[in-house]
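Chemist: Listed below, chain by chain, are the residues.
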Amino acid sequence: MSQEHKNIRPPRFARWLLESFCSYDFLSTALWDLEELFHHNAKTKGIFKAKSLYTIEVLGIITHLFFKGKSQFSVNKIAMFKHNILISIRSFKRYKSTFLINLFGLATGLASALLIYLWVNDEMQMGKFNEKDSDQHVQLYVNSKLADGIHTNDRTPFPLAKAIAEELPEVEKGIAIFDEPYYKGVISFDGNDLRAVPLFVTEGYFDVISCDFVAGSKVGALKNENVVISLQLANSLFSDPQKAIGQTVNFTGQYYKGPYIVSGVFKADSRSTMNFDILLNLDHFLTVWRTNLYNWHNGGPQTHLVLQEGVDLDEFNTKIEGVLNKLKGGPQTLIAQKYSDKYLYGKFENGVPAAGRIVYVRIFTLIAISILIIACINYMNLSTAQASRRVKEIGVKKAIGADRRNLIYQYFSESLFISFMALLLAVGIVLLLLPQFNVITGKSLSIVQASSAIITTVIITLATGLLSGIYPGLYLSGFKPVLALKGKLQSKSGGLWLRKGLVVFQFATSVILIVAVVVIYRQMSFIKISNLGYDTEHLISFTMEGKLRQGNPEPFMAEVRKLSGVANISHLWGELPGDVSSSSGFRWKGQTPEQRNTKFNIIEGGYDIDKVLGIELIEGRFFSREFAADEKTIVINEFAANLFGFQNTIGERFDGKEIIGIVKDFHSKGFHDKIGPFFFRLNDSGEYFFAKIQGINQIETIQQIEALYREFNPGYPFEFKFIDDQYQQLYLEEERTATLSKYFSGIAISISCLGLLALTAFSTQRRFKEIAIRKVLGSSDFGIVRLLSNHFIGLILLAILIGLPIGYYLMQYWLEGFVYRIDLTPALFVLSGVFMILIAWLTIMAQTAKSANINVTESLRSE
Amino acid sequence: MKKVTLGAFEELVLLTAGVLQDNAYGVTIKLELERQLNKKISLGALYSALQRLEEKGWVNSRIGGITEKQGGRRKQYYDITKEGMMALDEVRAMRNSLFDRLPQTAINLLK
Chain A
8 MSQEHKNIRP PRFARWLLES FCSYDFLSTA LWDLEELFHH NAKTKGIFKA KSLYTIEVLG
68 IITHLFFKGK SQFSVNKIAM FKHNILISIR SFKRYKSTFL INLFGLATGL ASALLIYLWV
128 NDEMQMGKFN EKDSDQHVQL YVNSKLADGI HTNDRTPFPL AKAIAEELPE VEKGIAIFDE
188 PYYKGVISFD GNDLRAVPLF VTEGYFDVIS CDFVAGSKVG ALKNENVVIS LQLANSLFSD
248 PQKAIGQTVN FTGQYYKGPY IVSGVFKADS RSTMNFDILL NLDHFLTVWR TNLYNWHNGG
308 PQTHLVLQEG VDLDEFNTKI EGVLNKLKGG PQTLIAQKYS DKYLYGKFEN GVPAAGRIVY
368 VRIFTLIAIS ILIIACINYM NLSTAQASRR VKEIGVKKAI GADRRNLIYQ YFSESLFISF
428 MALLLAVGIV LLLLPQFNVI TGKSLSIVQA SSAIITTVII TLATGLLSGI YPGLYLSGFK
488 PVLALKGKLQ SKSGGLWLRK GLVVFQFATS VILIVAVVVI YRQMSFIKIS NLGYDTEHLI
548 SFTMEGKLRQ GNPEPFMAEV RKLSGVANIS HLWGELPGDV SSSSGFRWKG QTPEQRNTKF
608 NIIEGGYDID KVLGIELIEG RFFSREFAAD EKTIVINEFA ANLFGFQNTI GERFDGKEII
668 GIVKDFHSKG FHDKIGPFFF RLNDSGEYFF AKIQGINQIE TIQQIEALYR EFNPGYPFEF
728 KFIDDQYQQL YLEEERTATL SKYFSGIAIS ISCLGLLALT AFSTQRRFKE IAIRKVLGSS
788 DFGIVRLLSN HFIGLILLAI LIGLPIGYYL MQYWLEGFVY RIDLTPALFV LSGVFMILIA
848 WLTIMAQTAK SANINVTESL RSE
Chain B
114 MKKVTLGAFE ELVLLTAGVL QDNAYGVTIK LELERQLNKK ISLGALYSAL QRLEEKGWVN
174 SRIGGITEKQ GGRRKQYYDI TKEGMMALDE VRAMRNSLFD RLPQTAINLL K
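Chains as they are written, first to last, in the numbering used here: chain A, 8 to 870; chain B, 114 to 224.
Do not take every clue at face value.
Among chain A residues calculated to face chain B with C-beta under 8 Å, some are [as the list claims (entries may be wrong)]: (1) S35; (2) W39; (3) N48; (4) G67; (5) I92; (6) D276; (7) S277; (8) T280; (9) L689; (10) D691.
Label-pair distances were calculated between CB atoms; the ranges are [said to hold, decoys possible]: (11) I407(A) with D213(B): 35 to 45 Å; (12) I477(A) with M199(B): 50 to 60 Å; (13) D202(B) with S27(A): 38 to 48 Å; (14) L211(B) with R396(A): 55 to 65 Å; (15) L469(A) with A219(B): 55 to 65 Å; (16) N221(B) with I96(A): 53 to 63 Å; (17) I407(A) with L211(B): 50 to 60 Å; (18) D213(B) with I96(A): 15 to 25 Å.
FYI, nobody ran anything at the bench for these hints, they're computed from the structure.
Glycine residues also receive a C-beta, built at the ideal position from the N, C-alpha and C atoms.
The whole structure should be built from the sequences, with the hints applied where relevant.
Modeler: Printed below as a string of structure tokens:
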């Protein structure tokens, strides 16, 4: 019984809250009533209800005390808090420009931080939607040691998933996911043909990767001919996802063709990094359509594993290193990476996971923090610089008994007050800018979407308020009352140094950001203007499939060539820019043993592909219809020719094939990748047609090609791409970084300059009399401007000296991600420095020039 | 001097305190009012009304209960004063006189 009674107690938190706000006498009265009420409620309504009612009553009492109550019933805190807010509002009103600069600075700072937070948060969520996430879901990669280091590939042998699950007890489940772009096809239902990207997976797929079904059931959804299609596809083919279930569709691609039964419709998750429209059974595909693929030597699907609970990834990695050797033989090793890390750390260097998109996440987090700190520094500097305006207030307060803690408390409440006002403004700014921000980042962020955003925002705002208030609070509260009342400010040199240091920090950060923007822009334009080695202009590609791939494409190409708008057409295996096939283990004369492992890119295409792509021939000749034996010849690039080191390359043999020509190097993948050795081989089939068209009437020309395509290849949609657009896509991420860093640096610099403007304005105002006397004594306007600005210009110069080396170091790090990059020349840094000086100088000048023109009599008369 | 007025909620609190006689304190007043008005009344609102009434001299507070203070708690009773009764009476008289002046047609609406 007593045990039970003990549990019936009012909530402690509410009681504590009441105790900290009420005066003692009133508290004891309220407590009696509250407790009696509590026990009454506990009996009639239950303990839980009684507790919440108790809390509500307490909050009601506090609200009444705060807004309507008499001061003798509440503690001093409430009265002081009200008083502090009142004093703050009065000082805001009196010094409007300072207040506005502070508010605007903090609001833009908070808004930038919020936007970046939303973006970072979204990046962190990418690829993390699977239930089995945490540490158990891993993906396997194959490491192969080649002549120029270890290459990591996510294409693993077909039997691996099954074999490794049987081999190792740590593996709970293994599945294979085959997403080869070669295999895209056309799905047809009731005369509707749509292109669809397939994903071939083994049956355990849904146990590993989460998938939201809109219709149908997951049980047996991938059995044999059963397929699961995307909601988008279901809507376009059947108008209603429910109607799709059980329907037979035709799905045809290069290596498969046939009726499939729709067993389910899924809704794509925006956090998924895999892109597909239709899920098919991989085992069915391999047994019915591609019987020769299933072996240990073909590079095939991704292998995903679910590990047993408690398995350590590092230990697991040491264990699987040699597994591939045991299962298939050969020197290749395996490495596992947590699937949830793939998006941010997806780049492998020398066989181990290195950076990836995480670099951008880090860069922007750093930018957000810098902007916030810059805004906080503005607040600190302005509040302390204006200490003299409030020194009497502090003196009076101290004289009537305020201790230091009260004053610190006052300045913190003031900075928190202004921070939360800035937050309101910031949320408005974010709402306003979010649509534009989404366009730049290519995401669909929303402020309500991230539930954690609210808590984080409040924490960021609190931190901003506290950080801004800490220095003014400590500095201002330290004044000695007698001196303060006399209006004398002790000029502690320490305080002055700190303020100067903060200005230097602000501008050093701005300099770093300027350097970053300049370097990023230079690098981007370098990439854009650099010669790829082939001509992407007016070059289009479209898929080669159906009859055109299985049969002879020559009649079609001959018709296309007859069009007046077409310069030439050919075909190729692989995409440009993008992957072409590659292989190693070739032999040539005079080869060293390590060179056996050299990886060669192999470009298989038709006649004239050199002319279509605009590749320059250095020596020899390209394939020609006039030479019947050209199927057994190859054309190599300069890089390969240098590697072989033959005296006379033409006519030599490479892996038994005659070398007939050498072409200039070109970047097939873009500038992120190094040029390696490659060779051309003649093939009468391909994956894509490439056509060079004239610059004029392009739409008409493409329509003519489309008409021919439909005539020769009915049942396949004609979809074309401009290669130069595709090439721009490769650098989308860098373009976005460039645009965003431009805007955010602009914001950082504006906030810094606002602060500088206010500081100069303040310090010149205090020297009005001095300026007037100097003018009376014959000083020139220019002399006065110099007098007033020298001090600040010195600080800016120091900031530049500090900022440039840091900027150099950081940008060096960023550029390492590019194989072909600009040199960081001194000119870049001189430019950034001069730019910074110019902006700062203009800011200072705007104020000082005004002061130099003051009316001498006016300013001296006021005494 | 500003005329001291009795607000509508204050009037109800004062009346209830009078009705409850010796047993008028926070909880009893609250529960009684809630029963009469059929709506929730927060203690905070009640305390501010009682404080105002006390300042105007219409209620007196006294400490009561078993012991004066018990574990930091004490029971505070409110007794209506003579002035309080007079204020109530005044309000009532004023209301009655207004009501008496209502035309018969308006009173008929009640029926």
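Chemist: Could you run down the list of hints and mark each one as holding or not?
Modeler: Hint check results:
Nearest Cβ of chain B to the Cβ of S35(A): about 5 Å, under the 8 Å cut. The hint holds. Interface hint status for W39(A): upheld, as the beta-carbon distance to the closest one in chain B is roughly 4 Å, under 8 Å. Below 8 Å, beta-carbon pairs count as interface contacts, and N48(A) has none with chain B, the closest being about 10 Å; its hint is therefore violated. Among the interface hints, the one on G67(A) holds; its C-beta lies about 4 Å from the nearest C-beta in chain B, closer than the 8 Å criterion.
Annotation: interface hint on I92(A) violated; nearest CB of chain B at approximately 21 Å, more than 8 Å. For the restraint placing D276(A) at the interface with chain B, the shortest Cβ-Cβ distance is roughly 46 Å, beyond the 8 Å limit, so the hint is violated. Taken as an interface hint, S277(A) does not check out: its beta carbon lies about 45 Å from the nearest beta carbon of chain B, beyond 8 Å. With a cut of 8 Å, the hint placing T280(A) at the interface with chain B is violated, because the nearest CB-to-CB distance is about 53 Å.
The restraint placing L689(A) at the interface with chain B is violated, with a minimum CB-CB distance near 89 Å, outside the 8 Å limit. The restraint placing D691(A) at the interface with chain B is violated, with a minimum CB-CB distance near 87 Å, outside the 8 Å limit. In this structure the hint that I407(A) and D213(B) lie 35 to 45 Å apart at CB is violated, the actual value being about 58 Å. With their beta carbons about 58 Å apart, I477(A) and M199(B) fall inside the hinted range of 50 to 60 Å.
The supplied range of 38 to 48 Å is met by D202(B) and S27(A), whose beta-carbon atoms lie about 42 Å from each other. Between L211(B) and R396(A), the C-beta spacing of about 58 Å keeps the proposed range 55 to 65 Å intact. Checked against the hint of 55 to 65 Å, the C-beta distance between L469(A) and A219(B) comes to roughly 60 Å, which is consistent with it. One distance hint, 53 to 63 Å for the beta-carbon pair N221(B) and I96(A), holds here, with the actual separation near 56 Å.
Here the CB-CB span from I407(A) to L211(B) is close to 52 Å, well matched to the stated 50 to 60 Å. Under the hint 15 to 25 Å, the C-beta atoms of D213(B) and I96(A), about 51 Å apart, miss the expected range.
Going down the numbered hints, you'll see the structure goes against 3, 5, 6, 7, 8, 9, 10, 11 and 18, while the others check out.
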